[in-house]
Amino acid sequence: MNKLVAAWICLAVLAGPVFGQQAVGQPDAAQRQAIEQQKIEYLIASVAALHDATFIRNGVGYDAAKAAAHMRLKRRFAGSAASTAEGFIVCCATGSSISGIKYTIRFHDGRVVDSAVFLRRKLAGYVTLAAKGTP
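In our numbering, the protein residues as written are 1 to 135.
Each hint should be verified, as a subset may be incorrect.
Pairs of lysine-lysine residues, derived as BS3-like cross-links and limited to a Cα-Cα distance of at most 30 Å, are as follows [stated by the list, open to error]:
1. K74 to K122
2. K74 to K102
3. K122 to K102
Keep in mind that the hints were calculated from the coordinates and are not lab data.
Based on the provided sequences and hints, a complete structural model is requested.
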């Protein structure tokens, strides 16, 4: 009898994902989407917080607030292409879709960094903090 119960438990555990049940501890689609939206908001907030930096878009410098607003606008138009943090970086924060020129950030110390590099570093930091439970 114990073997039969054990067999049923094994079957239930293995068949759960096949029949649409999610594994224990794994976020469902809505939770994954919410997590991605939190990451995107974190990235935009990171840009908005850089008050001593200049964002270069098509050769013109913008302050942090205008850069963040521009990314929000592009996100709105990007739709599902920007539904993940990586998609947001690629579609909305890397460069001009019209001119093809990369966006850069010039910091107060003179360093210039591609916005994609900056945002991917921020994203990696967010993921690390989230894994520790403190994003």
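Structure-based check of each hint:
no. : hint         : in the structure
1   : K74 to K122  : holds (19 Å)
2   : K74 to K102  : holds (15 Å)
3   : K122 to K102 : holds (18 Å)
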